[in-house]
Amino acid sequence: MFLPGLLYYIIFRYVPMYGVIIAFKKYNIMKGIVDSPWVGLKYFEQFFNDIFALRLIRNTFLLSVLNLIFTFPVPILLAILLNELRNQKFKKLVQTSVYLPHFISQVVVVGLMVNILSPGNGIINHIIQAMGGNPVYFMAEAEWFRPLYILSNIWKDSGWGAIIYIAALVGINPELYEAAYAEGANRFQRIIHISLPGIVPTLSIMLILRMGTMLSVGYEKIILMYTSATYETADVLSTYVYRQGLTNMNYSYATAVDLMNNVINMILLVSANKFSRSVSENSLW
Amino acid sequence: MSRKANWFDVANTCLMVLLVAITFLPFMHVAAQSLSGNGPVMRGEVSIWPLEWSILSYQKVLSDGEVLQSYANTLLYTTVGTAINIALTAVTAYALASKRMPLRRIFTFLITFTMMFSGGMIPSYLIVNRLGFIDKIWAMVIPGAINTWNLLVMRTFFMSVPENLTEAAMVDGAGELRVFWQIYIPLSMASLMAITLFYAVGHWNSYFHALIYLNSPAKYPLQIILRKIVIQGIVSLEEFSGDAALGTNVSFNQMTQNIKYTVIMVAVLPILIVYPFVQKYFVKGVMIGAIKG
Numbered sequence: 640m641f642l643p644g645l646l647y648y649i650i651f652r653y654v655p656m657y658g659v660i661i662a663f664k665k666y667n668i669m670k671g672i673v674d675s676p677w678v679g680l681k682y683f684e685q686f687f688n689d690i691f692a693l694r695l696i697r698n699t700f701l702l703s704v705l706n707l708i709f710t711f712p713v714p715i716l717l718a719i720l721l722n723e724l725r726n727q728k729f730k731k732l733v734q735t736s737v738y739l740p741h742f743i744s745q746v747v748v749v750g751l752m753v754n755i756l757s758p759g760n761g762i763i764n765h766i767i768q769a770m771g772g773n774p775v776y777f778m779a780e781a782e783w784f785r786p787l788y789i790l791s792n793i794w795k796d797s798g799w800g801a802i803i804y805i806a807a808l809v810g811i812n813p814e815l816y817e818a819a820y821a822e823g824a825n826r827f828q829r830i831i832h833i834s835l836p837g838i839v840p841t842l843s844i845m846l847i848l849r850m851g852t853m854l855s856v857g858y859e860k861i862i863l864m865y866t867s868a869t870y871e872t873a874d875v876l877s878t879y880v881y882r883q884g885l886t887n888m889n890y891s892y893a894t895a896v897d898l899m900n901n902v903i904n905m906i907l908l909v910s911a912n913k914f915s916r917s918v919s920e921n922s923l924w
Numbered sequence: 002m003s004r005k006a007n008w009f010d011v012a013n014t015c016l017m018v019l020l021v022a023i024t025f026l027p028f029m030h031v032a033a034q035s036l037s038g039n040g041p042v043m044r045g046e047v048s049i050w051p052l053e054w055s056i057l058s059y060q061k062v063l064s065d066g067e068v069l070q071s072y073a074n075t076l077l078y079t080t081v082g083t084a085i086n087i088a089l090t091a092v093t094a095y096a097l098a099s100k101r102m103p104l105r106r107i108f109t110f111l112i113t114f115t116m117m118f119s120g121g122m123i124p125s126y127l128i129v130n131r132l133g134f135i136d137k138i139w140a141m142v143i144p145g146a147i148n149t150w151n152l153l154v155m156r157t158f159f160m161s162v163p164e165n166l167t168e169a170a171m172v173d174g175a176g177e178l179r180v181f182w183q184i185y186i187p188l189s190m191a192s193l194m195a196i197t198l199f200y201a202v203g204h205w206n207s208y209f210h211a212l213i214y215l216n217s218p219a220k221y222p223l224q225i226i227l228r229k230i231v232i233q234g235i236v237s238l239e240e241f242s243g244d245a246a247l248g249t250n251v252s253f254n255q256m257t258q259n260i261k262y263t264v265i266m267v268a269v270l271p272i273l274i275v276y277p278f279v280q281k282y283f284v285k286g287v288m289i290g291a292i293k294g
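Chains as they are written, first to last, in the working numbering: chain A, 640 to 924; chain B, 2 to 294.
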């Protein structure tokens, strides 16, 4: 019974891992993986001499770090505030509502942005003009890319991201709150000394997981959002891999860049885990 | 603990109402635009309520060959894909959960490892290419057949099924398949439902696989067409020029904006409609995964 699943993992997960060696070979589609000639680190050198290398690395880091800083706390705050709501029906209603954007496709989300921010007839520019300003072509301006990317991430996933923290908060012993209240602790003190510590284990695990995927910064969404006008801030390692590999068919080169991306991810993941293990008892492994 | 509502509660409640509004406003705006007449849309006057009601753009979109074809494609990919997903995931989860499975720990580790490291975009593409799946339905349903997170959640669920049921059944002569089908499946309906829904939504919303693995426009799913019309702004001429039969001579350019909003609505409506009913299954599924995983 295990056979189909086993085959799946071998063919679609492990063989591609082996396929990564084409980063060290001059891959020729006719010859296949095994017969293509070895070129060692040639493509890695090529990358570091690439005029875009610095921009790509900078964008990848900036986008991931900024994204993490701004999107990570929102679900936590939301969960804490939701937990403070007294009317359970209202709380349920709010939860159901804010989970919704998670199920909307990225294409729709970006489509919504394109339309609302449209310079010609988008409502945002309409308001700007009504206030006497000039229309801004948001989606084509490099400086707007990061804020838009991050804000739409917050809109889409904060609600859903809060679930896991809500679950953690519900698991906190209510007697702790009672005792604190009896001792005169006000709302904020109760939140800081009971709610927050109760979420810290969950928080650590989630943070580690997030760090592990940091550098693969949602490239699917970036591909939908960017244009050549915004490459200056929007182009990241993964989107470059996509263009080089699948559009320009420089398979080996693209794989080399992708491999570096993945390795850095792994290093971040392992470091974050080690760090968490040393300062608290929470870690993935 | 009972205490009187204070300013914090009021502020919190207001904030929540605001958040709910922010969640729904974009949809209301797009819905309003899609139901409005051309003039107001082009002038950017529509906010959250339709002006000059018109269903013209819906008539156009829902009779457009390209849109309809992609809808059919998405329905096909979603049903076939989800069926394969659930079958494969359930069976594999069962194997990993079963104490009789040899080398169980090692396999579980190897599978979990794939969540953290993968071959990457290019090698995956090359494998799919080698298998001859490019531009076929198989490229849409097989490469993503098992989502490791879902697999682990299901495995956790299966591991909570009492062993003595299985033992009793096997003493009576039942084989693995029988045990799986008649004991594990009925007992795990909640988790199966949740995971099925996750997979289904994933298929409905997927676009990247189609982008890299499909070449024929006739095979494109809804999201690709959506991207084309709404984001890339490519609206095909023949479908959307003025139509005397519909009693209007609205020009192609004027219709384009309306069309974009309507296409978004058409893509999103199924999810919006189904969501309230199935929402609790999703939440349950995540809770299970989160708490035990």
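Some hints here could point you the wrong way.
[Said to hold, decoys possible] Capping the alpha-carbon separation at 25 Å, the derived lysine to aspartate or glutamate pairs in DMTMM-like fashion look like this:
hint: 1; chain 1: B; residue 1: Lys285; chain 2: B; residue 2: Glu164
hint: 2; chain 1: B; residue 1: Lys220; chain 2: A; residue 2: Glu817
hint: 3; chain 1: A; residue 1: Lys730; chain 2: B; residue 2: Asp136
hint: 4; chain 1: B; residue 1: Lys281; chain 2: A; residue 2: Asp796
hint: 5; chain 1: A; residue 1: Lys731; chain 2: A; residue 2: Glu859
hint: 6; chain 1: B; residue 1: Lys285; chain 2: A; residue 2: Glu817
hint: 7; chain 1: B; residue 1: Lys137; chain 2: B; residue 2: Glu53
hint: 8; chain 1: B; residue 1: Lys281; chain 2: A; residue 2: Glu723
hint: 9; chain 1: A; residue 1: Lys860; chain 2: A; residue 2: Glu817
hint: 10; chain 1: A; residue 1: Lys670; chain 2: B; residue 2: Glu168
hint: 11; chain 1: B; residue 1: Lys137; chain 2: A; residue 2: Glu859
hint: 12; chain 1: A; residue 1: Lys728; chain 2: B; residue 2: Asp10
hint: 13; chain 1: A; residue 1: Lys860; chain 2: B; residue 2: Asp136
Calculated directly from the structure, the hints in this document are not laboratory data.
Structure-based check of all given hints:
no.	hint	result
1	B/Lys285 with B/Glu164	24 Å, holds
2	B/Lys220 with A/Glu817	60 Å, violated
3	A/Lys730 with B/Asp136	46 Å, violated
4	B/Lys281 with A/Asp796	17 Å, holds
5	A/Lys731 with A/Glu859	32 Å, violated
6	B/Lys285 with A/Glu817	28 Å, violated
7	B/Lys137 with B/Glu53	44 Å, violated
8	B/Lys281 with A/Glu723	21 Å, holds
9	A/Lys860 with A/Glu817	45 Å, violated
10	A/Lys670 with B/Glu168	52 Å, violated
11	B/Lys137 with A/Glu859	21 Å, holds
12	A/Lys728 with B/Asp10	15 Å, holds
13	A/Lys860 with B/Asp136	22 Å, holds
Checked against the numbered hints listed earlier, the structure breaks hints 2, 3, 5, 6, 7, 9, 10; every other hint is satisfied.
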